[in-house]
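Chemist: Spelled out from the first residue to the last, the chains are:
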Amino acid sequence: MEKKRYNPIELMAVVASRHLEDGKVIFAGTGIPMLAAALAQKIHSPNLVLVFEAGGISPKASMLPLSVADSRTTYRAISCANMPEAMEMLQKGLVTYAFLGGAQIDRYGNLNSTMIGDDYLNPRTRLPGSGGANELASLAWKTLIIMNHSRRRFVEKVDFITTPGYLDGPGARERAGLPPGNGPHLVFTELGIFDFEEKSKRMRLKSLLPGVSREKVIEETGFDLLISDHVGREEEPTREELRALREDVDPWRVVLSRGDSSD
Amino acid sequence: MEIFEQGSGEIFSKITPDDFRSHMLAKTERANTDKRMDLKEAIRRFIRTGDYISVGGCSIVRLPIAFIHEVLRQGYYFRMAAGTRTFDVDLLLDNDRIMELDIGYILGLEMLGIPQYTRTRVKERLAKGELKITEWSNGTMAWRHKAAAMGLSFLPVRSLAGTDTFKHSAAKKVKCPFTGIDMILVPALYCDACIIHVHRADKYGNCQIDGMLNEDLEKARSAKSLIITTEKIIDTDEIRKDGSKTVIPQFYVDAVVEIPNGAYPTNMPGLYYLDLDHLKAYAKAAEDRSGESLKTYYLDYVFGTNDFDEFLEKCGGRKRIEELKKVELMEGRA
Numbered sequence: 001m002e003k004k005r006y007n008p009i010e011l012m013a014v015v016a017s018r019h020l021e022d023g024k025v026i027f028a029g030t031g032i033p034m035l036a037a038a039l040a041q042k043i044h045s046p047n048l049v050l051v052f053e054a055g056g057i058s059p060k061a062s063m064l065p066l067s068v069a070d071s072r073t074t075y076r077a078i079s080c081a082n083m084p085e086a087m088e089m090l091q092k093g094l095v096t097y098a099f100l101g102g103a104q105i106d107r108y109g110n111l112n113s114t115m116i117g118d119d120y121l122n123p124r125t126r127l128p129g130s131g132g133a134n135e136l137a138s139l140a141w142k143t144l145i146i147m148n149h150s151r152r153r154f155v156e157k158v159d160f161i162t163t164p165g166y167l168d169g170p171g172a173r174e175r176a177g178l179p180p181g182n183g184p185h186l187v188f189t190e191l192g193i194f195d196f197e198e199k200s201k202r203m204r205l206k207s208l209l210p211g212v213s214r215e216k217v218i219e220e221t222g223f224d225l226l227i228s229d230h231v232g233r234e235e236e237p238t239r240e241e242l243r244a245l246r247e248d249v250d251p252w253r254v255v256l257s258r259g260d261s262s263d
Numbered sequence: 001m002e003i004f005e006q007g008s009g010e011i012f013s014k015i016t017p018d019d020f021r022s023h024m025l026a027k028t029e030r031a032n033t034d035k036r037m038d039l040k041e042a043i044r045r046f047i048r049t050g051d052y053i054s055v056g057g058c059s060i061v062r063l064p065i066a067f068i069h070e071v072l073r074q075g076y077y078f079r080m081a082a083g084t085r086t087f088d089v090d091l092l093l094d095n096d097r098i099m100e101l102d103i104g105y106i107l108g109l110e111m112l113g114i115p116q117y118t119r120t121r122v123k124e125r126l127a128k129g130e131l132k133i134t135e136w137s138n139g140t141m142a143w144r145h146k147a148a149a150m151g152l153s154f155l156p157v158r159s160l161a162g163t164d165t166f167k168h169s170a171a172k173k174v175k176c177p178f179t180g181i182d183m184i185l186v187p188a189l190y191c192d193a194c195i196i197h198v199h200r201a202d203k204y205g206n207c208q209i210d211g212m213l214n215e216d217l218e219k220a221r222s223a224k225s226l227i228i229t230t231e232k233i234i235d236t237d238e239i240r241k242d243g244s245k246t247v248i249p250q251f252y253v254d255a256v257v258e259i260p261n262g263a264y265p266t267n268m269p270g271l272y273y274l275d276l277d278h279l280k281a282y283a284k285a286a287e288d289r290s291g292e293s294l295k296t297y298y299l300d301y302v303f304g305t306n307d308f309d310e311f312l313e314k315c316g317g318r319k320r321i322e323e324l325k326k327v328e329l330m331e332g333r334a
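Those sequence lines, one after another, are chains A and B. Sequential numbering from 1 applies to the first sequence in our numbering. Sequential numbering from 1 applies to the second sequence in our numbering.
I should point out that these hints are in silico values taken from the structure, not numbers from a laboratory. Just so it is clear, the structure is predicted and the values come from calculations on it, not from any experiment. It is possible that part of the hints are untrue.
Derived CB-CB ranges, DEER-like [to be verified]:
no. : chain 1 : residue 1 : chain 2 : residue 2 : range
1   : B       : Lys128    : A       : Glu235    : 26 to 36 Å
2   : B       : Glu322    : A       : Ser200    : 53 to 63 Å
3   : B       : Thr296    : A       : Thr125    : 23 to 33 Å
4   : A       : Val231    : B       : Glu5      : 37 to 47 Å
5   : B       : Glu5      : A       : Asp118    : 35 to 45 Å
6   : B       : Phe178    : A       : Ser257    : 48 to 58 Å
7   : B       : Arg44     : A       : Gly181    : 50 to 60 Å
8   : B       : Tyr77     : A       : Thr238    : 53 to 63 Å
9   : B       : Lys326    : A       : Arg253    : 37 to 47 Å
10  : B       : Thr296    : A       : Pro180    : 48 to 58 Å
A few chain A positions that, by computed beta-carbon distances, are all more than 10 Å from chain B [unchecked claim]:
no. : residue
11  : His19
12  : Asp118
13  : Arg151
14  : His185
15  : Glu198
16  : Glu215
17  : Gly222
18  : Ser228
19  : Gly232
20  : Arg233
21  : Leu242
Derived, one-sided and incomplete: chain B residues facing chain A with beta-carbon distance under 8 Å [to be verified]:
no. : residue
22  : Thr84
23  : Arg119
24  : Ala127
25  : Lys146
26  : Thr165
27  : Gly211
28  : Tyr273
Think of the CB as a built atom: it goes at the ideal place given N, C-alpha and C, for glycine as much as any other residue.
Build out the structure end to end from the sequences listed, making use of the hints.
Modeler: This is the structure we're talking about:
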């Protein structure tokens with residue numbers, strides 16, 4: 001097979017970055033979400049406002065922060081605030097996009113980042129827990145999710161709902177006591193982009209990444225996926241997108257190198 | 001107020017607003033005294049084993065590593081608040097020094113992944129009941145500190161609802177008596193002790209911090225004892241030149257300990273960047289699930305050293321700090 005010009009993480013970051021609308025406020029988690037947000041700010045959306053949970057508000061794009069708190073998150077920022085303020089910005093509706101990952105996801109966009117297994121006290125694998133994810137997905141207007149695509153991750157039922165998607169369907173968020181009018185918006189993987197069908201709130205294939213077939217997506221998904229009537233096809237990363245990602249955003253390849261082995 | 005739902009998690013720290021008022025009144029007597037001392041004395045006077053503690057900084061940034069090393073050497077164990085905790089909690093967990101943990105985020109070293117030995121130990125100790133966890137989120141942990149900092153017993157918030165995180169927390173769901181809207185109540189988190197590493201403090205404990213503040217202001221205001229470790233001690237005249245820079249005033253502070261580079265190998269905003277090589281070396285040692293590689297790490301860097309200066313020397317001393325300063329100021333980029 002011909003050697004690809006990019007690895008899966010580079011591809012995911014580039015594709016996701018194109019969907020971050022300029023001028024909006026975005027709260028991005030560590031790893032690929034931050035990579036995509038930083039890239040968007042360099043190329044497509046120079047006025048995207050990044051907010052970090054430790055208090056960095058609207059830093060000037062520099063190198064990729066290695067942490068949600070490091071000095072790159074406050075580099076020429078308009079404000080060095082704190083966790084309560086950042087979380088209260090979410091609670092008050094100031095934040096359009098929450099952008100996060102997870103270990104497992106189900107058809108309603110519920111996310112697990114707490115534990116894998118069927119016994120909470122004796123998990124097969126213990127994961128870090130919610131972090132800021134629960135607030136991000138409970139309180140931002142549109143939740144964006146980015147994760148690797150496999151049957152192990154796209155499951156019928158997540159082992160633990162760390163972070164709310166549409167819970168068990170339409171109206172469930174409001175019934176549970178969450179604020180109305182928000183929820184999961186898009187899911188990005190190395191195979192495709194997914195949205196949530198308006199009436200059922202179920203995950204739906206929206207568009208395919210370069211070289212990926214519809215069958216491959218269905219094969220790698222552990223639940224019954226809806227398919228859009230008009231499945232789109234994403235453009236390949238451009239030379240400029242890859243250059244900015246590699247040279248400006250993550251020159252040390254701290255996150256990008258994680259995609260090298262799977263290439 | 002009717003409670004509609006509540007989590008099954010345990011509350012590890014007593015909710016004691018009235019005791020805290022009395023404690024704070026007694027503390028005002030010492031507010032205007034010289035609190036400079038060395039780290040060993042500060043720990044001896046203000047930290048007891050088994051205390052419920054909170055720690056300042058966030059993730060791999062501005063962590064009081066000098067303090068963590070010293071309590072490891074001295075054999076302390078704790079109960080602990082863990083919103084956005086990484087390397088500090090990992091060091092304690094690797095050595096089985098935490099018994100109860102309120103979790104926002106643990107284990108992960110952010111971009112460096114999850115240390116496998118630490119994860120394995122947590123899993124084993126959870127199964128045996130040696131470690132107890134109550135689930136929260138970074139937001140609810142911050143609001144719990146804030147509720148205590150306000151002198152209250154709880155705060156209403158709008159996250160957690162509908163999730164297993166709620167079910168394994170100690171939060172409660174109620175209808176707001178004013179609006180009828182569902183609200184999640186989170187209990188105030190009063191801590192026995194808090195340790196925060198800052199950029200500058202005077203001898204009374206008036207503190208200045210550069211960069212992100214995370215939930216340090218709330219933690220400082222809701223702990224019975226507060227130890228400040230600082231890069232530098234400055235004159236009170238400097239503090240009084242611009243009082244707007246004081247983020248933690250002296251009333252809350254019990255000890256001021258000068259420890260230059262005291263957050264190394266984590267990032268001290270404006271002064272030195274995190275030492276990616278050191279953290280990677282730790283993460284690599286933690287990949288060995290048997291714990292043997294980490295044993296060597298701890299012997300080299302913690303248990304085989306007498307104090308933080310010795311640790312810094314082993315890590316390259318002043319030369320390494322100078323390099324990290326360049327990276328911090330973005331001059332170290334190719």
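Chemist: All hints are to be evaluated individually against the structure, with a verdict given for each.
Modeler: So, going through the hints one by one against the coordinates:
1. B:Lys128 - A:Glu235: 26 to 36 Å: violated, 53 Å
2. B:Glu322 - A:Ser200: 53 to 63 Å: holds, 59 Å
3. B:Thr296 - A:Thr125: 23 to 33 Å: For threonine 125 of chain A against threonine 296 of chain B, whose Cβ atoms are near 25 Å apart, the range 23 to 33 Å holds.
4. A:Val231 - B:Glu5: 37 to 47 Å: Once the Cβ atoms are compared, 40 Å apart, the range 37 to 47 Å for glutamate 5 of chain B and valine 231 of chain A holds.
5. B:Glu5 - A:Asp118: 35 to 45 Å: violated, 23 Å
6. B:Phe178 - A:Ser257: 48 to 58 Å: holds, 52 Å
7. B:Arg44 - A:Gly181: 50 to 60 Å: holds, 54 Å
8. B:Tyr77 - A:Thr238: 53 to 63 Å: holds, 54 Å
9. B:Lys326 - A:Arg253: 37 to 47 Å: violated, 20 Å
10. B:Thr296 - A:Pro180: 48 to 58 Å: holds, 55 Å
11. His19: holds, 22 Å
12. Asp118: Holds, because the least Cβ-Cβ distance between aspartate 118 of chain A and chain B comes to about 12 Å, which exceeds 10 Å.
13. Arg151: With a cut-off of 10 Å, arginine 151 of chain A remains clear of chain B, as the shortest Cβ separation is near 22 Å.
14. His185: holds, 18 Å
15. Glu198: holds, 20 Å
16. Glu215: holds, 32 Å
17. Gly222: Per Cβ check, glycine 222 of chain A is outside 10 Å of chain B; nearest 19 Å; holds.
18. Ser228: holds, 27 Å
19. Gly232: holds, 31 Å
20. Arg233: Its Cβ never comes within 10 Å of chain B, the nearest being 31 Å, so this holds.
21. Leu242: Its Cβ never comes within 10 Å of chain B, the nearest being 18 Å, so this holds.
22. Thr84: holds, 7 Å
23. Arg119: Hint holds; arginine 119 of chain B Cβ to chain A Cβ min 6 Å, cut 8 Å.
24. Ala127: Since the shortest Cβ distance to chain A is 5 Å, the answer is holds.
25. Lys146: holds, 5 Å
26. Thr165: holds, 5 Å
27. Gly211: holds, 5 Å
28. Tyr273: holds, 7 Å
Hint check: violations occur at hints 1, 5 and 9; the rest are consistent with the structure.
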